[in-house]
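J.: These are the residues of each chain, in order.
2 protein chains.
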Amino acid sequence: MDKIQRNERISVIIKTLCDNPNKIFTLGYFSEMFGSAKSTISEDLELLQKTFSKNSMGNICTISGASGGVKYVPFMSEKTVYETLEELANELSHPDRILSGGFLYMLDIIYNPQWVNKMAMMFATRFSGLELDCVITVETKGIPIAFATAQYLNVPLVIVRHYNEATDGASVNINYASGSAKKIQTMVLPMKSLKRNSKILFIDDFMKAGGTSKGIIELANQFDSEVVGIGVMIETSLPDKKLVENYYSLMKLNTSEMQENNSIDIKPNI
Amino acid sequence: MDKIQRNERISVIIKTLCDNPNKIFTLGYFSEMFGSAKSTISEDLELLQKTFSKNSMGNICTISGASGGVKYVPFMSEKTVYETLEELANELSHPDRILSGGFLYMLDIIYNPQWVNKMAMMFATRFSGLELDCVITVETKGIPIAFATAQYLNVPLVIVRHYNEATDGASVNINYASGSAKKIQTMVLPMKSLKRNSKILFIDDFMKAGGTSKGIIELANQFDSEVVGIGVMIETSLPDKKLVENYYSLMKLNTSEMQENNSIDIKPNI
Chain P
1 MDKIQRNERI
11 SVIIKTLCDN
21 PNKIFTLGYF
31 SEMFGSAKST
41 ISEDLELLQK
51 TFSKNSMGNI
61 CTISGASGGV
71 KYVPFMSEKT
81 VYETLEELAN
91 ELSHPDRILS
101 GGFLYMLDII
111 YNPQWVNKMA
121 MMFATRFSGL
131 ELDCVITVET
141 KGIPIAFATA
151 QYLNVPLVIV
161 RHYNEATDGA
171 SVNINYASGS
181 AKKIQTMVLP
191 MKSLKRNSKI
201 LFIDDFMKAG
211 GTSKGIIELA
221 NQFDSEVVGI
231 GVMIETSLPD
241 KKLVENYYSL
251 MKLNTSEMQE
261 NNSIDIKPNI
Chain W
1 MDKIQRNERI
11 SVIIKTLCDN
21 PNKIFTLGYF
31 SEMFGSAKST
41 ISEDLELLQK
51 TFSKNSMGNI
61 CTISGASGGV
71 KYVPFMSEKT
81 VYETLEELAN
91 ELSHPDRILS
101 GGFLYMLDII
111 YNPQWVNKMA
121 MMFATRFSGL
131 ELDCVITVET
141 KGIPIAFATA
151 QYLNVPLVIV
161 RHYNEATDGA
171 SVNINYASGS
181 AKKIQTMVLP
191 MKSLKRNSKI
201 LFIDDFMKAG
211 GTSKGIIELA
221 NQFDSEVVGI
231 GVMIETSLPD
241 KKLVENYYSL
251 MKLNTSEMQE
261 NNSIDIKPNI
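So the protein sequences, as listed, match chains P and W. If you count by full-length UniProt numbering, then the first sequence holds residues 1 to 270, one letter each, in order. If you count by full-length UniProt numbering, then the second sequence holds residues 1 to 270, one letter each, in order.
You may find that some hints are simply not true.
[What the hints assert, rightly or not] Once the Cα atoms are required to be at most 30 Å apart in a straight line, the calculated DSS-like pairs of lysine-lysine come out as:
{"no.": "1", "chain 1": "W", "residue 1": "Lys79", "chain 2": "P", "residue 2": "Lys15"}
{"no.": "2", "chain 1": "P", "residue 1": "Lys50", "chain 2": "W", "residue 2": "Lys79"}
{"no.": "3", "chain 1": "W", "residue 1": "Lys54", "chain 2": "P", "residue 2": "Lys71"}
{"no.": "4", "chain 1": "W", "residue 1": "Lys15", "chain 2": "P", "residue 2": "Lys118"}
{"no.": "5", "chain 1": "W", "residue 1": "Lys182", "chain 2": "W", "residue 2": "Lys252"}
{"no.": "6", "chain 1": "W", "residue 1": "Lys118", "chain 2": "W", "residue 2": "Lys38"}
{"no.": "7", "chain 1": "W", "residue 1": "Lys50", "chain 2": "W", "residue 2": "Lys15"}
{"no.": "8", "chain 1": "P", "residue 1": "Lys23", "chain 2": "P", "residue 2": "Lys79"}
{"no.": "9", "chain 1": "P", "residue 1": "Lys192", "chain 2": "W", "residue 2": "Lys183"}
{"no.": "10", "chain 1": "P", "residue 1": "Lys15", "chain 2": "W", "residue 2": "Lys15"}
[Claimed, not checked] With the Cβ distance kept under 8 Å, some of the chain P side facing chain W (calculated, not the full set):
{"no.": "11", "residue": "Met57"}
{"no.": "12", "residue": "Leu107"}
{"no.": "13", "residue": "Tyr111"}
Keep in mind that the hints were calculated from the coordinates and are not lab data. The C-beta atom is built at its ideal place from N, Cα and C for all residues, glycine as well.
All chains should be built: construct the whole structure from the sequences, respecting the hints.
T.: Written out as C-alpha cells, the structure reads:
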C-alpha cells in the first residue's frame, strides 16, 4: 500500500510541477494534499531530483527559506541543443523550401508545437538566470516561440503590433527603420500592456540587420523598461554587422548562398 | 531497488507522455528504454491510469492493435471548466478593464500562459473526438490560445494573416465582411500552409457577429478543406443571431450592459 502511495504522490507532484514550469510550490502544499509529513514529501522530491537529473528531464529545484518550496526548471543540455538544431537545420535544408525571391519557407516549423517547444526550451535554458518580468515579441511569426518561452519561464507574454487596434486602449507608437529593407515600420504597444521598470526578454523568429530588436529596445525605453536579453531562432549571415550587439541566435542562414546559388546553407550557431 | 526502479519508470513515462499530449508511444518504446518486460510497463501504465483518473489529471489511454500504445489525453471535467470560467469571469469583471469606447481590456489574460493553457485545455476536451489535421486562427490575439490548443491536440497550427508577406510564397487571399463593423477585410493564407482535404478546428478569442468564422469557412473551401469545429473564448450577447451556427464559446459578454451602463457583465456560457 505504501508503495502505491509513493507512486501516486510522485505522479501528482511531477504533473503539477511540469504543468507549471518555474512556479514555486511549498512542501506544505503537497503535504496537505496527500496528508503526508513534510519529511515524506522531501524524500519524494529527492527521488524526483535524481530521476530528472539522470534522465535529462530538466531540474527539480528546492528553494529553502520562508518563501521556499520546489519548482521544475526546464533545461536542455548543450549536447541535446546541438543535436536538435542539427536535425532542425537538416529539416530546413530541403530544396522544396526555397521560395521565389530567395526566401526560406518555414511556417510549418515555427507554428509546429513540437519544434516550437524544443526551441523555447533552448531559450528558457539560456535565459533562465535573468530576473524577467515578461517575454516580448512582434507579431506575427515569432508569437508561438515567444509564447512557449514565456510559459517555460513563467512570465507573461507581451505582443507588439504593427497597427493600432481600437479595442486595446491608448497606446505608445514608435516608428523604426527595419535594418534590412530600409522600410519605415510602426510598432504599437497598448499602455496597459507593459508595466514601468520591466525587465524584458525579446524573442523573435528571424534577425537580418537587427532593426526590429533595436526598435524593441527603443519602445522599451518609452516604458522606462529594459531589454535584458534577445533570442532569435535564425540570424542571417548578412549583414555581418547587426544593429544590436548582444543576442543569442540558434541558427545561422547563409543568405548569399541562397540568393546566388539557390541552395540552402543553414547551421546551428551555438 | 525494485521500488526505486518503478518510481523512476513512472516518472519518465509521465514526463514523456505529458510533454507530448495525444502522441502515441508504443509499449516497446518504454520497455526498450528501461530494459523492462512489456508486462512490467503495462503494470506501470495501469497504476498511472488510476492515479490520473483519481486526481483529475487527464486520461492515460491505451490503444490496442498493431499501431497501438499509450497516450496522454488532456481532459478537464465539466465542474473544473465551470469553476475556472467563473474565476476568469470574475477576473474580467474588474471595472478597471473598461476602456473608452466600451471595450474590455483582456490582453493580460489572453497572453498569459496560465490562463491560456486552461482555456486551451477546455477546447482540447471539447474537440478531442474530432479527427483533426490542424488548428487554424487569424492573427493576432487568438494565436496563443490556438497554439496551446494545437499543442494539446497534437496537430499543427495554421495562422491566417491580414496582409500579404512576400517571404511566405504564393498565397490565397479572400475578402470578407466583418459581421459587426461591416468592414471589408482580407484574409491571406500561403498555399503551402494548408493541405487539400484538411479537417480544421478554428479557434479565436472573440466572436461578435461571426464574420471571421464565416471568412475562415470560405477560405477553407478554397483549399477543399472543411471547418469541423469552431471554438471562441468570448461571444458577445449582440448580435443575437451569428453568421455561423455551430460554435462553442466559453463565455458570454453582455455588450449592451457595457456600452449603456459602463459595467461588465460576463458569464460562463457552458
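J.: All hints are to be evaluated individually against the structure, with a verdict given for each.
T.: Verification of the supplied hints:
no.	hint	verdict
1	W:Lys79 with P:Lys15	holds (20 Å)
2	P:Lys50 with W:Lys79	violated (36 Å)
3	W:Lys54 with P:Lys71	holds (23 Å)
4	W:Lys15 with P:Lys118	holds (15 Å)
5	W:Lys182 with W:Lys252	holds (22 Å)
6	W:Lys118 with W:Lys38	violated (34 Å)
7	W:Lys50 with W:Lys15	holds (17 Å)
8	P:Lys23 with P:Lys79	holds (26 Å)
9	P:Lys192 with W:Lys183	holds (27 Å)
10	P:Lys15 with W:Lys15	holds (8 Å)
11	Met57	holds (5 Å)
12	Leu107	holds (6 Å)
13	Tyr111	holds (4 Å)
Checked against the numbered hints above, the structure violates hints 2, 6; every other hint is satisfied.
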